[in-house]
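Asker: These are the residues of each chain, in order.
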Amino acid sequence: MVASRAIGSLSRFSAFRILRSRGEPAFVFSFLARTHINYGVKGDVAVIRINSPDSKVNTLTKEAHTEFVEVLNEVWASDQIRSAVLISSKPGCFIAGADINMLASCTTPQEATRISQEAQRIFEKLEKSPKPIVAAISGSCLGGGLELAIACQYRIATKDRKTVLGVPEVLLGILPGAGGTQRLPKMVGVPAAFDMMLTGRNIRADRAKKMGLVDQLVEPLGPGIKSPEERTIEYLEEIAVTFAKGLADKKISPKRSKGLMEKLTSYAMTIPFVRQQIYKTVEEKVRTQTKGLYPAPLKIIDVVKTGLEQGSDAGYLAESQKFGELAVTRESKALMGLYSGQVLCKKNKFGVPQKNVQHLAVLGAGLMGAGIAQVSVDKGMKTLLKDTTVAGLGRGQQQVFKGLNDKVKKKALTSFERDSIFSNLIGQLDYQGFEKADMVIEAVFEDLSVKHKVLKEVEAVTPEHCVFASNTSALPINQIAAVSKRPEKVIGMHYFSPVDKMQLLEIITTDKTSKDTTASAVAVGLKQGKVIIVVKDGPGFYTTRCLAPMMSEVIRILQEGVDPKKLDTLTTGFGFPVGAATLADEVGVDVAQHVAEDLGKAFGERFGGGSVDLLKQMVSKGFLGRKSGKGFYVYQEGSKKKSLNSDMDSILASLKLPAKPEVSSEEDIQYRVVTRFVNEAVLCLQEGILATPAEGDIGAVFGLGFPPCLGGPFRFVDLYGAQKVVDRLRKYEAVYGNQFTPCQLLLDHANSSNKKFYQ
Amino acid sequence: MTSILTSTFKNLSTTSKWALRFSIRPLSCSSQLQAAPAVQTKSKKTLAKPNVKNIVVVEGVRIPFLLSGTLYKDLMPHDLARAALSGLLHRTNVPKDVVDYIIFGTVIQEVKTSNVAREAALGAGFSDKTPAHTVTMACISSNQAMTTAAGLIASGQCDVVVAGGVELMSDVPIRHSRKMRKMMLDLNKAKSLGQRLSLLSQFRLNFLSPELPAVAEFSTNETMGHSADRLAAAFAVSRLEQDEYALRSHSLAKKAQDEGHLSDIVPFKVPGKDTVTKDNGIRPSSLEQMAKLKPAFIKPYGTVTAANSSFLTDGASAMLIMSEDKALAMGYKPKAYLRDFIYVSQDPKDQLLLGPTYATPKVLEKAGLTMNDIDAFEFHEAFSGQILANFKAMDSDWFAQNYMGRKIKVGSPPLEKFNVWGGSLSLGHPFGATGCRLVMAAANRLRKDGGQYALVAACAAGGQGHAMIVEAYPK
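Protein sequences appear in the order of chains G and X.
Residue 2 is where the first sequence starts when you use this note's numbering, and the numbers rise one by one after that.
Residue 2 is where the second sequence starts when you use this note's numbering, and the numbers rise one by one after that.
Same shape as in the complex, but just chain G:
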């Protein structure tokens, strides 16, 4: 490779070229080929390459650890080698973190603690390496990957969007257990380290440089003698090798010059009082945000504190012990389960569609339609956005523009990228161009006759292969498809509002929907960045169907005299991100009424409980929720504060029900809401609406805000115990009747203790 470069096309320069005495030595690969980690030597620099076999990402497994230690020992033992570069062979990924399966399979805290201690030991050796080691980071550098990088003497990162650094352990209910809690505060300062560890946020390379997390940035390259990805990583390696040499020769100092603010902060941190204040503030903030439901953040603070106050030996010990404790908590099992469920729902199980959707059309430029258009143009799909009025269309176009422009303000996009993305959107009032559409997603008013009308209009102008997708939250797809000439091309795509923020997409198939149509819809959804569950058709599908009985219970609780604020506190206290009353306001009271009536008809008394009249009266008074400025709460433009809507008092008074004291404790209220939800979810699995429990959990958490710390309704049953859930249901059934009758599948699980949704 080097030889060809030397005698390349520029040999014509010989007249001007001074003979290079410094011939680059050939690249020597070590003979012992390892599976995960190999190295070669360039001059006096060892280039250590990480490449997990048969995977898109590199993970730190036990084997990788072992090989890494072997390689390090050889590097340290060799007289020829004076420094080393650590780089991934995979362009999009440095190291994505520790192997989650390795952690998930831990049954005792001791087991997990050992994993942590093993990693701590290796990284400590790395930190104390007599030969400087440069981490050359391109792509994701997360969790254990980042902890490894910060144990190196120097870090160089590619400045592209794929390169992100972070410690997302907290999102899995654990803590950075390979020295991260001890090294990060020293490297980026205590406040920034807390921010990284407690939010788990990804940090882009340029920001990482400013924070002092990386020492140098390398610009991504375009096409040259090789593909951009290949050449960029090669370039990164070349630069890293230069710096490794410089460090070995002491021409470059690994110490970073700190800015004034940094100096001031680090000075302030030497004052014990300041440190105590910071711990206190952070702890308070964490307590209010997690409501005590998530143990990991508090443990992180604790471990950092131990390291800073009692020295690093105590710190590392605390880190590994707390890591062990956290790894076997219910919360971490739930969160890790969600993580693997999410990975599952980011794949297309239905194969590659015959035709790639290039031209998309969206009907209706309302909140949903424009949102769908936004996430589509964002990914380069040409999107027609059709509405019936100029005003409606203009509102939708403005929504898309604003969505993109907000990203520019956050520096996630440049204004030029915004413009070129926005040019993918074509707003129109007619069906021009629909003859090229590969897929039409309708987001028109939720009314069967309107849906039928547009379906007929669309089928008259679109080609044979065009998929017709309906974005409806409750209308059965087979009823919509009834008037279709091509029912195999009709499918439901249920997006959640706001579309650009909510990750979930629920895809609904009817008996007639073809597999290719499903594959097409999933492919589009994945392109739009969605987490996808595919469910069978039926009233309310999966998500709306679970929500309806829960909302019905919420209304009953309100009718029984619990005020909306109290109810919100109770539900958020259980782990719901949004309180139940606020949720109704956000969804829209009219929508809730619609759904309650439709599903009430379909499922009868079982969906009863609260009175739909409450919703009806609210709608008639114009209390539609946030969108009309009044619902259970009063909303003011530009203000985040909300106060109770006092006009609701008379409505609530007129529909007042007597509270039943035996099931009205705070805990009972929480469980009444949750068990109805869970029971309905399990019933959906029993009836075959859901294909897998994992999809049920993902749908509930990502679409409806089911408490993530519980991992979704199915994980909840597994972890809490089916018998206990049934006991709760029986208790409420005795008071309220069949609305709480546990379904058969749940009873089966309760009767046999080894039956689990997740084995």
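Hints are supplied without guarantee of correctness; some may be wrong.
[As the list claims (entries may be wrong)] Derived DSSO-like pairs: lysine-lysine, alpha-carbon spacing no greater than 30 Å straight-line: (1) G/187 - X/300; (2) X/350 - G/163; (3) G/163 - G/410; (4) X/350 - G/411; (5) G/210 - X/300; (6) G/411 - X/183; (7) G/251 - X/295; (8) G/160 - X/300; (9) X/367 - G/227; (10) X/293 - G/408; (11) G/160 - X/295; (12) G/43 - X/449; (13) X/183 - G/410; (14) X/327 - X/367; (15) X/449 - X/334; (16) X/295 - G/246; (17) G/334 - G/286; (18) X/180 - G/408; (19) G/63 - G/334; (20) G/347 - G/408; (21) X/408 - G/356; (22) G/227 - X/334; (23) X/295 - G/259; (24) G/210 - X/350; (25) G/210 - X/293; (26) X/293 - G/246; (27) G/408 - X/350; (28) G/187 - G/210; (29) X/295 - G/252; (30) G/502 - G/528; (31) G/251 - X/300; (32) X/350 - G/410; (33) G/502 - G/412; (34) X/300 - G/256; (35) X/293 - G/160; (36) G/210 - X/295; (37) G/227 - X/410; (38) X/180 - G/412; (39) X/410 - G/264.
Treat the hints as calculated values from the structure; they're not laboratory data.
None of these values were measured; they are calculated from a predicted model.
Please arrange chain X on chain G, whose structure you already have, making use of the hints.
Answerer: Structure of chain X alone, referenced to chain G:
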């Protein structure tokens, strides 16, 4: 010419059979090529096309290109353009009323003279009846001026057009901030004192921070030097190679200057200062000196430095272009034909400066020529790294296949024919004026060294590029 003919006959008189055959060829062959034993066979003798007017360059001149901030620093752009136009008038003695049209290229516009072509023409003594317009296409602005002229002539709209370009980097428009401008404009419209005072009360100190123009892409916000550094890295062009190339450019320019090849220069008496007769940016240094410089854009490990980049330059050029018939009717002896040309464009981020790579094979194909047919290459040198990256790209089958949709590479130009009188790195690069310099250098080199075809190519901001075939006018 006659002497060559006779000498040929003398030498070959013994073998009269061959003599006859050879006697035809020297008509289109220069003395030098004749001397070389391995004479290439041109795939085409001329690029004249039936029913298409031949377009000729009668003459082209430029004022000396100076480092910005030197002797031209107190002038305005139209002053430089005026000097180039006067020089052209002086050298050609073209009657003013014959000129049908004037086109100038420029990049950084002086807002007072946004149609700098018209202001300069009026001041240079051209007829006020001759219309003029200004074009802009980054570093290929004067190429655009020339090809626009060619189009006007070919389509029969004009017979005589002056094309040129100008750039004055000593002075650039530095604007008030948008907020300040908005307030000033609103103040203009305010009617009452109250309105004025309320507007003034909105004033904040940061309104005064100015907006500076940058040699950066609007679309990507990346400066050109930064992009060039990445381009060089993408093609694995080393710092040493870049310094060597820059040194070559300066050395060759110095040699050309000393030997008097830069005959397109017209002296310019700068008001209140000396008469300028020479380019002042030619500074052959040594590789050791150049190696000491720190990278200018990607710090601390980049490879593009001040020494291997073209520098900010003030200058202007102008050229008299006519239909061949008109030129001959007026008794001119044209210098060259302007033949096929092409504009290309590609990704402004990662392929910003690869215009020549894309344009070269296309223009050769259009003209029905091959690289071997070209006797003189005149490429715009924005950066050493850019030129060397283009060489590598032109020499790469992989690049041709994966990015240009071509089956095989076009091949990189042989250095002995490439920019042998220096280039933008050493002579300077007044953005709007470089194109005419390239064409005149190509024409003069063909005249001086013999040869039939020259290829002019350049890259430009916005990811655009241009190439043109210049054909020698028979002596």
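Asker: Would you mind marking each hint as holding or not holding in the structure?
Answerer: Structure-based check of each hint:
| no. | hint | verdict |
| --- | --- | --- |
| 1 | G/187 - X/300 | holds, 26 Å |
| 2 | X/350 - G/163 | holds, 17 Å |
| 3 | G/163 - G/410 | holds, 20 Å |
| 4 | X/350 - G/411 | holds, 22 Å |
| 5 | G/210 - X/300 | holds, 13 Å |
| 6 | G/411 - X/183 | holds, 25 Å |
| 7 | G/251 - X/295 | holds, 19 Å |
| 8 | G/160 - X/300 | holds, 13 Å |
| 9 | X/367 - G/227 | holds, 29 Å |
| 10 | X/293 - G/408 | violated, 42 Å |
| 11 | G/160 - X/295 | holds, 21 Å |
| 12 | G/43 - X/449 | violated, 50 Å |
| 13 | X/183 - G/410 | holds, 21 Å |
| 14 | X/327 - X/367 | holds, 26 Å |
| 15 | X/449 - X/334 | holds, 15 Å |
| 16 | X/295 - G/246 | holds, 19 Å |
| 17 | G/334 - G/286 | holds, 24 Å |
| 18 | X/180 - G/408 | holds, 23 Å |
| 19 | G/63 - G/334 | holds, 20 Å |
| 20 | G/347 - G/408 | holds, 24 Å |
| 21 | X/408 - G/356 | holds, 29 Å |
| 22 | G/227 - X/334 | violated, 49 Å |
| 23 | X/295 - G/259 | holds, 22 Å |
| 24 | G/210 - X/350 | holds, 23 Å |
| 25 | G/210 - X/293 | holds, 27 Å |
| 26 | X/293 - G/246 | holds, 19 Å |
| 27 | G/408 - X/350 | holds, 20 Å |
| 28 | G/187 - G/210 | holds, 15 Å |
| 29 | X/295 - G/252 | holds, 15 Å |
| 30 | G/502 - G/528 | holds, 15 Å |
| 31 | G/251 - X/300 | holds, 19 Å |
| 32 | X/350 - G/410 | holds, 21 Å |
| 33 | G/502 - G/412 | holds, 17 Å |
| 34 | X/300 - G/256 | holds, 17 Å |
| 35 | X/293 - G/160 | holds, 27 Å |
| 36 | G/210 - X/295 | holds, 21 Å |
| 37 | G/227 - X/410 | holds, 15 Å |
| 38 | X/180 - G/412 | holds, 21 Å |
| 39 | X/410 - G/264 | violated, 56 Å |
The structure shown violates the earlier hints numbered 10, 12, 22 and 39.
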